[in-house]
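J.: From first to last, the protein sequence lines are chains B and P.
Its first residue numbered 964, the first sequence is counted upward by one per residue in our numbering.
Its first residue numbered 1121, the second sequence is counted upward by one per residue in our numbering.
Because the hints were derived from the structure by calculation, they are not lab data.
Hints may be right or wrong, so weigh each one.
What follows is a set of in silico ranges between Cβ atoms, one per label pair, in the way DEER data are often shown [as the list claims (entries may be wrong)]:
1) Asn-1556(P) <-> Glu-1158(B): 39 to 49 Å
2) Ser-1427(P) <-> Ala-1006(B): 51 to 61 Å
3) Lys-1106(B) <-> Ala-1284(P): 26 to 36 Å
4) Gly-1230(B) <-> Gly-1419(P): 33 to 43 Å
List of simulated lysine to any residue pairs, SDA-like, C-alpha gap at most 25 Å [unchecked claim]:
5) Lys-1551(P) <-> Thr-1298(B)
6) Lys-1205(P) <-> Arg-1457(P)
7) Lys-1265(B) <-> Pro-1432(P)
8) Lys-1271(B) <-> Arg-1457(P)
9) Lys-1478(P) <-> Thr-1213(B)
10) Lys-1265(B) <-> Thr-1298(B)
11) Lys-1271(B) <-> Ser-1205(B)
Glycine residues also receive a C-beta, built at the ideal position from the N, C-alpha and C atoms.
Take a look at the letters that make up each chain.
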Amino acid sequence: MKALILVGGFGTRLRPLTLTLPKPLVEFGNKRMILHQIQALAAAGVTDIVLAVNYRPEVMEKYLVEYERQFNVKITFSIELEPLGTAGPLKLAEDILGKDDAPFFVLNSDVICEYPFAELAAFHKSHGDEGTIIVTKVEEPSKYGVVVHKPNHPSRIDRFVEKPVEFVGNRINAGIYILNPSVLKRIELRPTSIEQETFPAICADRQLHSFDLDGFWMDVGQPKDFLSGTCLYLSSLTKKGSKELTPISTSFVHGGNVLIDPSAKIGKNCRIGPNVTIGPNVVVGDGVRLQRCVLLEGVKVKDHAWIKSTIVGWNSTIGKWARLENVSVLGDDVTIGDEIYVNGGSILPHKSIKVNVDVPAIIM
Amino acid sequence: MSLHVPHREKANGAQGGTKAVILVGGPSRGTRFRPLSLDLPKPLFEVAGHPIVWHCLTAIAKVPHIQEVCMIGYYDESIFRDFIKDASKEFPKIKIVYLREYQALGTAGGLYHFRDAILKGRPERFFVLNADVCCSFPLNDMLKLFESKDAEAVLLGTRVSEDAATNFGCIVSDAHSSRVLHYVEKPESHISNLINCGVYLFSTECIFPAIRSAIKKRTERPRLVSYPSSENLESSYMQDDDEEKSNEVLRLEQDILSDLADSKQFFVYETKDFWRQIKTASSAIPANALYLQKALQSGSDELAKPSANILPPVFIHPTAQVDPTAKLGPNVSIGPRAVIGAGVRVKESIVLEDAEIKHDACVLYSIIGWSSRVGAWARVEGSPTPVNSHSTTIIKNGVKVQSITILGKECGVGDEVRVQNCVCLPFKELKRDVSNEVIM
Chain B
964 MKALILVGGF
974 GTRLRPLTLT
984 LPKPLVEFGN
994 KRMILHQIQA
1004 LAAAGVTDIV
1014 LAVNYRPEVM
1024 EKYLVEYERQ
1034 FNVKITFSIE
1044 LEPLGTAGPL
1054 KLAEDILGKD
1064 DAPFFVLNSD
1074 VICEYPFAEL
1084 AAFHKSHGDE
1094 GTIIVTKVEE
1104 PSKYGVVVHK
1114 PNHPSRIDRF
1124 VEKPVEFVGN
1134 RINAGIYILN
1144 PSVLKRIELR
1154 PTSIEQETFP
1164 AICADRQLHS
1174 FDLDGFWMDV
1184 GQPKDFLSGT
1194 CLYLSSLTKK
1204 GSKELTPIST
1214 SFVHGGNVLI
1224 DPSAKIGKNC
1234 RIGPNVTIGP
1244 NVVVGDGVRL
1254 QRCVLLEGVK
1264 VKDHAWIKST
1274 IVGWNSTIGK
1284 WARLENVSVL
1294 GDDVTIGDEI
1304 YVNGGSILPH
1314 KSIKVNVDVP
1324 AIIM
Chain P
1121 MSLHVPHREK
1131 ANGAQGGTKA
1141 VILVGGPSRG
1151 TRFRPLSLDL
1161 PKPLFEVAGH
1171 PIVWHCLTAI
1181 AKVPHIQEVC
1191 MIGYYDESIF
1201 RDFIKDASKE
1211 FPKIKIVYLR
1221 EYQALGTAGG
1231 LYHFRDAILK
1241 GRPERFFVLN
1251 ADVCCSFPLN
1261 DMLKLFESKD
1271 AEAVLLGTRV
1281 SEDAATNFGC
1291 IVSDAHSSRV
1301 LHYVEKPESH
1311 ISNLINCGVY
1321 LFSTECIFPA
1331 IRSAIKKRTE
1341 RPRLVSYPSS
1351 ENLESSYMQD
1361 DDEEKSNEVL
1371 RLEQDILSDL
1381 ADSKQFFVYE
1391 TKDFWRQIKT
1401 ASSAIPANAL
1411 YLQKALQSGS
1421 DELAKPSANI
1431 LPPVFIHPTA
1441 QVDPTAKLGP
1451 NVSIGPRAVI
1461 GAGVRVKESI
1471 VLEDAEIKHD
1481 ACVLYSIIGW
1491 SSRVGAWARV
1501 EGSPTPVNSH
1511 STTIIKNGVK
1521 VQSITILGKE
1531 CGVGDEVRVQ
1541 NCVCLPFKEL
1551 KRDVSNEVIM
């Protein structure tokens, strides 16, 4: 089977992290975003993966070569010379996606969930129509494009209503699809939107179905959602009884959902959790309090620091008695001085912070 | 400061030398020291491990031959009873008496009212110290100037920034002779950046007649407008409805000093040492820092020994419990029976009696009130004020806030809670993060 991952641009919404690494290589739950997807696709029998990008990040090559070997898949870059929207990239990759009659998967690289690719393919095959999109239930449908089904049909989509003002349903497009190669004929090679143009056309031919997603779903394209998505992901690991999580019986674990790389070192008298990921080679000092935060590879947290709702970028150092909170995001190699307070600071790579950031600010 | 001043023995003998008066004010004056003055009169508030008024007394004890100190104020006698008992043991050569005003008479009015007590033993001269200033009190240097100029009055002056000067009594002096030529309390325009520190040395033969003539002048030509009040001698009695009463109020700054400048042998001793008012509760933090630094520089054995976790100067009361992993200093005072937990950080702060700070908490630029509790991983934080600033408020995001965070008596800060630039009245529990607020 085949798949296309819509990577797109530079991931500016996830800056300052994406100033250092392209978004697909940023670790989510201690695993690069793209790896979550490649792993799930490979497990569902996908052998050809296209990355639709509009720039070619050299740094990605070595990881992708590694993943090709590891999962026995073929990964190809499809580079847009001008942004082609969400449908154009499919046409651009027609050679691969249309090389046989088997349907292909399409997914947005920002979306994190328990990818049900095998079930999706089985369902798609069962109804025999052109396309199936995964939908997820949301609490506030008015903020999204809502899927409306044909009367008395559980899966066939009638239409989409963008930001509905009155309730028409609570299922939204989750950004993951399986489509027959015939769909490629519907798309022209120009900037075009799959949501606005392609899907309504397939709907009109009664050829589009929805597939309900079980479990969590999150677009983790920006820091606030990256943190919320981490909480959901860790909860799902807990629910599955994942052995990757640090056991709740560990002395420093507080409230569970704690994922610590085996190479990380944790000091004495810490209280960690809930919802914390600690990357490789991280060193956490004594008496440190961590909750709802992400420490990426090589971070050093000194004694008695307090970190909440913060993404600490690679190789950053947090000073003694520092306090970080309110969706602070530290880029690569940032240093936060001893006793410094950071409230919602976005701090660009290689900065050293010596005075408090009292109100949310970007520190260039 | 330790200069030995040749002492002129007059016919009236050793007793007729020098006395000192400490003006301690009264309960109505302490309002700006709230919330701390809600539980303790300001002169007894401890900075650098000792009551504010103790620092005055220590300076006085360094002047040779002073045998008597009069504390004048309008607090109840019982307030200072224990302090005077303890101080009398510590300074056995000095007799300390408390003279209570039953109505606020003003600084000059109070001196005049108690003139018999002050003149007892026929002192030639006496110091007057306002208890609410914090400085090195270079009394011996003032005395030296007094002697060399054959002065009738010497006041202590210090230079402040031009924009700060108009908040104080401003002095114009002759650069060569140090004679005071002109004195204006809180002028509207810039007069001079040499200001009155609130510490004086008066000849008895000069000051009482000067006050008497001021009273006479007042009776003949009653004051019609209220004078702008002196910052360090802030008093609420000017708002007193009882006009007869307020007519009796005479203050050194407004009513006496400017006349002295006109006609008398009036000199200024300009100190280059530190000087601050202890006006608002926040000003206890710079005062604490300055007195601790003074103790450090003079090699005081009261201070905690420097180490990796003790950044000097730090005062730790012998009955306080400080975990060895806690890092304290600089400029920290820990009061009696206070408990400081493991991995705690305290910097530029005062932790009062019986307060407890739990493990891994961080306390910066703050005053932790008596018996208050700060939870684990909590952060109680004020902001540093510029070294030469005489103000204790700062502008944060366009809003004027208290620079120092103050927790009154028996307040509680929950685990992991952050309190920033807040003043918290006694007996409040803070369970959520707060910043830039006064918590009633």
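J.: Okay, Ser-1427(P) versus Ala-1006(B) on CB: inside 51 to 61 Å?
T.: 58 Å, holds
J.: Taking the CB of Asn-1556(P) and the CB of Glu-1158(B), does the distance hold inside 39 to 49 Å?
T.: 45 Å, holds
J.: Within 33 to 43 Å: is that where the Cβ-Cβ distance between Gly-1230(B) and Gly-1419(P) falls?
T.: Once the Cβ atoms are compared, 38 Å apart, the range 33 to 43 Å for Gly-1419(P) and Gly-1230(B) holds.
J.: Would you check the hint for Lys-1271(B) and Arg-1457(P), treating anything up to 25 Å between C-alpha atoms as holding?
T.: Given pair Lys-1271(B), Arg-1457(P) is violated - Cα atoms ~33 Å apart, limit 25 Å.
J.: Given the hinted pair Lys-1551(P) and Thr-1298(B), is their Cα-Cα distance within 25 Å?
T.: Outside the cut-off at roughly 30 Å; violated.
J.: Given the hinted pair Lys-1265(B) and Thr-1298(B), is their alpha-carbon gap at most 25 Å?
T.: 11 Å, holds
J.: Next pair to validate is Lys-1478(P) with Thr-1213(B); report whether the Cα-Cα distance is within 25 Å.
T.: 23 Å, holds
J.: Lys-1205(P) and Arg-1457(P) were given as a pair; does the straight-line alpha-carbon distance stay at or below 25 Å?
T.: With a Cα-Cα distance of about 22 Å, the restraint between Lys-1205(P) and Arg-1457(P) holds, given a limit of 25 Å.
J.: Within a Cα-Cα threshold of 25 Å, do Lys-1271(B) and Ser-1205(B) meet the stated pairing?
T.: 24 Å, holds
J.: Has the hinted range 26 to 36 Å been met by the Cβ atoms of Lys-1106(B) and Ala-1284(P)?
T.: 54 Å, violated
J.: Going straight from one Cα to the other, do Lys-1265(B) and Pro-1432(P) come out at no more than 25 Å?
T.: 23 Å, holds
The structure is inconsistent with the numbered hints 3, 5, 8, although it conforms to all the rest.
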